[in-house]
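A.B. asks: Work out the full structure: start from the sequences and follow the hints.
Residue-level listing of the chains:
Number of protein chains: 2
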Amino acid sequence: MSIKIAIMGYGNLGKGIECAIKQSHDLELTAVFTRRNPETVKILTEGVKVYPAEEVFEHKGGIDVLILCGGSATDLPKQTPEFAKHFNVVDSFDTHARIPEHFEAVDRAAREGGKAALISCGWDPGMFSVNRLYASAVLPEGKDYTFWGKGVSQGHSDAIRRIDGVLDAKQYTVPVDSALEAVRSGKNPELSTRQKHTRECFVVAAEGADRERIENEIKTMPNYFADYDTTVHFISAEELEREHSGIPHGGFVIRSGKTGWDGEFSNIIEYSLKLDSNPAFTSSVIASCARAIHRMSVEGAVGCKTLFDVPPAYLSACSAEELRKKLL
Amino acid sequence: MSIKIAIMGYGNLGKGIECAIKQSHDLELTAVFTRRNPETVKILTEGVKVYPAEEVFEHKGGIDVLILCGGSATDLPKQTPEFAKHFNVVDSFDTHARIPEHFEAVDRAAREGGKAALISCGWDPGMFSVNRLYASAVLPEGKDYTFWGKGVSQGHSDAIRRIDGVLDAKQYTVPVDSALEAVRSGKNPELSTRQKHTRECFVVAAEGADRERIENEIKTMPNYFADYDTTVHFISAEELEREHSGIPHGGFVIRSGKTGWDGEFSNIIEYSLKLDSNPAFTSSVIASCARAIHRMSVEGAVGCKTLFDVPPAYLSACSAEELRKKLL
Numbered sequence: 001m002s003i004k005i006a007i008m009g010y011g012n013l014g015k016g017i018e019c020a021i022k023q024s025h026d027l028e029l030t031a032v033f034t035r036r037n038p039e040t041v042k043i044l045t046e047g048v049k050v051y052p053a054e055e056v057f058e059h060k061g062g063i064d065v066l067i068l069c070g071g072s073a074t075d076l077p078k079q080t081p082e083f084a085k086h087f088n089v090v091d092s093f094d095t096h097a098r099i100p101e102h103f104e105a106v107d108r109a110a111r112e113g114g115k116a117a118l119i120s121c122g123w124d125p126g127m128f129s130v131n132r133l134y135a136s137a138v139l140p141e142g143k144d145y146t147f148w149g150k151g152v153s154q155g156h157s158d159a160i161r162r163i164d165g166v167l168d169a170k171q172y173t174v175p176v177d178s179a180l181e182a183v184r185s186g187k188n189p190e191l192s193t194r195q196k197h198t199r200e201c202f203v204v205a206a207e208g209a210d211r212e213r214i215e216n217e218i219k220t221m222p223n224y225f226a227d228y229d230t231t232v233h234f235i236s237a238e239e240l241e242r243e244h245s246g247i248p249h250g251g252f253v254i255r256s257g258k259t260g261w262d263g264e265f266s267n268i269i270e271y272s273l274k275l276d277s278n279p280a281f282t283s284s285v286i287a288s289c290a291r292a293i294h295r296m297s298v299e300g301a302v303g304c305k306t307l308f309d310v311p312p313a314y315l316s317a318c319s320a321e322e323l324r325k326k327l328l
Numbered sequence: 001m002s003i004k005i006a007i008m009g010y011g012n013l014g015k016g017i018e019c020a021i022k023q024s025h026d027l028e029l030t031a032v033f034t035r036r037n038p039e040t041v042k043i044l045t046e047g048v049k050v051y052p053a054e055e056v057f058e059h060k061g062g063i064d065v066l067i068l069c070g071g072s073a074t075d076l077p078k079q080t081p082e083f084a085k086h087f088n089v090v091d092s093f094d095t096h097a098r099i100p101e102h103f104e105a106v107d108r109a110a111r112e113g114g115k116a117a118l119i120s121c122g123w124d125p126g127m128f129s130v131n132r133l134y135a136s137a138v139l140p141e142g143k144d145y146t147f148w149g150k151g152v153s154q155g156h157s158d159a160i161r162r163i164d165g166v167l168d169a170k171q172y173t174v175p176v177d178s179a180l181e182a183v184r185s186g187k188n189p190e191l192s193t194r195q196k197h198t199r200e201c202f203v204v205a206a207e208g209a210d211r212e213r214i215e216n217e218i219k220t221m222p223n224y225f226a227d228y229d230t231t232v233h234f235i236s237a238e239e240l241e242r243e244h245s246g247i248p249h250g251g252f253v254i255r256s257g258k259t260g261w262d263g264e265f266s267n268i269i270e271y272s273l274k275l276d277s278n279p280a281f282t283s284s285v286i287a288s289c290a291r292a293i294h295r296m297s298v299e300g301a302v303g304c305k306t307l308f309d310v311p312p313a314y315l316s317a318c319s320a321e322e323l324r325k326k327l328l
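Protein sequence lines, in the order shown, are assigned to chains P and Z.
Numbering (this note's numbering) for the first sequence: 1 to 328.
Numbering (this note's numbering) for the second sequence: 1 to 328.
None of these hints come from the bench; they were simulated from the model.
Any given hint could turn out to be false.
Any copy will do: because identical chains look the same in the list, a pair fits if it lies in one copy or spans two.
The calculated lysine-lysine pairs, modelled on BS3-like cross-linking and capped at a C-alpha distance of 27 Å, are [claimed, not checked]: (1) Lys15 with Lys143; (2) Lys78 with Lys326; (3) Lys196 with Lys49; (4) Lys274 with Lys187; (5) Lys196 with Lys78; (6) Lys78 with Lys49; (7) Lys42 with Lys15; (8) Lys15 with Lys78; (9) Lys187 with Lys326.
Predicted model, so just to flag it, every value in this text is computed and none were measured.
C.D. replies: Structure (structure tokens):
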């Protein structure tokens with residue numbers, strides 16, 4: 001019997017989850033909920049309906065897992081605890097610094113309702129976190145490095161778009177090759193923010209706008225760009241559309257650590273992702289997380305979990321026997 | 001209170017586990033057991049004694065986890081079920097094809113004794129398996145590739161040493177760069193055994209031995225070398241000792257898979273290891289597995305487990321709160 005999944009919020013992520021469900025024979029999309037007018041939301045799966053968000057409670061019996069596709073800034077801190085009282089839920093809360101408080105709030109709500117929640121699913125937090133954990137557990141004497149990119153940062157692109165005279169923009173975060181190589185060599189370098197990543201911006205300026213001022217405003221913007229070596233390219237709207245309409249991303253998690261009685265042996269563990277579409281891959285991870293939390297809930301799990309608590313086998317559609325035979 | 005670990009068998013692996021325990025404040029080595037004369041076995045940890053293997057049952061109360069360091073060919077198929085009746089055990093059984101039957105035998109024994117066993121711990125099987133599992137769970141439509149090396153294969157080195165006229169030898173398994181690049185490009189190539197790895201042999205021949213015959217015997221040896229492009233270098237015993245005395249290893253697990261409604265997005269997940277010492281790293285993984293199976297046993301787990309069943313957090317010495325705060 002397939003696991004009945006509902007999606008709350010149909011943006012890039014919601015659509016990605018719909019696509020991921022199509023690839024998984026044991027998952028079934030039963031409903032999509034939206035805060036927009038449902039009639040304006042066209043989804044891809046035939047025979048599945050779009051409902052107003054507030055009607056979700058009427059569907060309680062038909063939903064095994066509700067996947068929350070809101071944003072981490074304002075949506076999820078409110079939504080996840082609210083829905084975790086009534087449904088098994090999965091979210092992709094990704095504000096790293098606020099994960100402990102989000103965990104507490106969701107845990108309280110889920111326990112109140114006897115439900116299970118899996119938060120911060122995706123690739124960072126998510127697959128990158130799991131790899132940081134395995135690597136540090138097996139190499140306790142070592143050092144962790146995470147590099148992001150080359151990929152599009154939505155937040156940084158938005159920040160550029162808010163500058164006066166900017167019509168559109170796309171920002172790429174790029175890991176510095178020499179820093180990656182230094183880490184891979186086992187030298188355990190101390191790396192500043194500037195040494196790890198550069199930022200490359202493609203900007204469409206309004207006709208007659210002062211490009212020098214725009215470039216300067218970008219490069220000196222605190223938090224976003226001031227601590228990085230930033231390159232700004234002014235291009236046409238057509239070129240932006242043609243060359244930069246995708247949302248690729250990726251990155252590297254590397255641990256460099258020692259083994260041996262006196263730490264005489266060096267070891268490098270490296271995990272990397274290269275993704276054509278950031279939201280599509282994030283959604284794929286989330287879909288496997290929905291499978292896992294459903295199984296854990298069936299076995300009696302209650303409260304908030306993260307991928308750190310999930311036995312890897314629970315993420316797969318294959319049986320334990322099959323996994324041992326084919327992948328161990 | 002620390003977890004009390006005993007080691008059964010003190011070769012490269014047993015010694016590696018002793019070193020890994022030194023790096024973990026929550027693990028404590030309490031005893032080493034050997035089939036050799038204990039007086040001839042010198043270990044590194046002060047204050048810990050070496051006992052004859054058969055005395056292990058007298059120490060039942062003082063051992064939380066018994067780590068079995070025998071070989072997969074003949075030792076572990078017998079030892080792991082035998083000891084799993086009386087102790088929580090960890091082994092590094094690595095004959096992939098025989099894992100299902102080993103699992104069954106250990107599971108039966110462990111359930112009989114109410115104990116927990118974690119088998120096939122190390123990096124392949126082990127960390128590589130876990131990465132194959134995560135990658136295939138999050139990218140169900142895709143293809144897996146595992147490459148080994150560059151590293152020393154003990155079995156292949158031994159096979160060369162058995163050839164008449166060979167005094168000593170070391171064999172390196174080397175992944176083929178162009179095959180790795182083809183996989184990373186997302187082309188999903190079909191690769192033959194010969195296309196994935198080459199074999200490089202360093203051989204010390206006896207004085208007057210027929211080198212041409214030796215080289216031919218190596219290159220045509222069925223299973224070991226016949227299916228590979230093999231290079232043979234004859235060197236002196238001194239050079240072998242000076243340049244090839246280490247046991248480095250490593251490798252790559254790559255999954256190439258599609259996301260999107262029509263599989264329009266490509267994704268590459270890559271995990272790699274570069275290890276100065278194969279047994280030292282394997283031991284480090286095993287030590288974290290001992291921690292995990294102890295915790296699972298305390299919580300009531302019984303029977304045979306693999307890393308697929310272990311929530312990643314159980315492998316780490318850090319608390320769940322700390323992990324969420326620092327690594328998620």
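A.B. asks: Are the hints correct? Go through all of them and say.
C.D. replies: Hints, verified against the model:
In the homo-oligomer, the alpha carbons of lysine 15 and lysine 143 lie at most 27 Å apart only across protomers (24 Å), although the nearest pairing inside one protomer, at 37 Å, exceeds that limit. For the homomeric pair lysine 78 and lysine 326, the shortest alpha-carbon distance between copies (23 Å) is at most 27 Å, but the shortest distance inside one copy (42 Å) is not. In this homomeric assembly, lysine 196 and lysine 49 never come within 27 Å of each other (Cα to Cα): the closest approach is 46 Å inside a single copy and 48 Å across copies. When the C-alpha separation of lysine 274 and lysine 187 is checked against a cutoff of 27 Å, the pair qualifies both within a copy, at 25 Å, and between copies, at 14 Å.
For a Cα distance limit of 27 Å, the shortest separation of lysine 196 from lysine 78 qualifies neither inside one copy, at 34 Å, nor across copies, at 51 Å. Taking the closest pair of Cα atoms, lysine 78 and lysine 49 come within 27 Å of each other only inside a single copy of the chain (25 Å); across copies the shortest separation is 58 Å, beyond that limit. When the C-alpha separation of lysine 42 and lysine 15 is checked against a cutoff of 27 Å, the pair qualifies only within one copy, where the shortest distance is 10 Å, while the shortest distance between copies is 62 Å. Taking the shortest Cα distances, lysine 15 and lysine 78 sit within 27 Å of each other inside one copy (22 Å), while across copies they are farther apart (52 Å).
Proximity of lysine 187 to lysine 326 under the C-alpha cut-off of 27 Å is restricted to the inter-copy arrangement: shortest distance 23 Å between copies versus 37 Å within a copy.
Checked against the numbered hints above, the structure violates hints 3 and 5; every other hint is satisfied.
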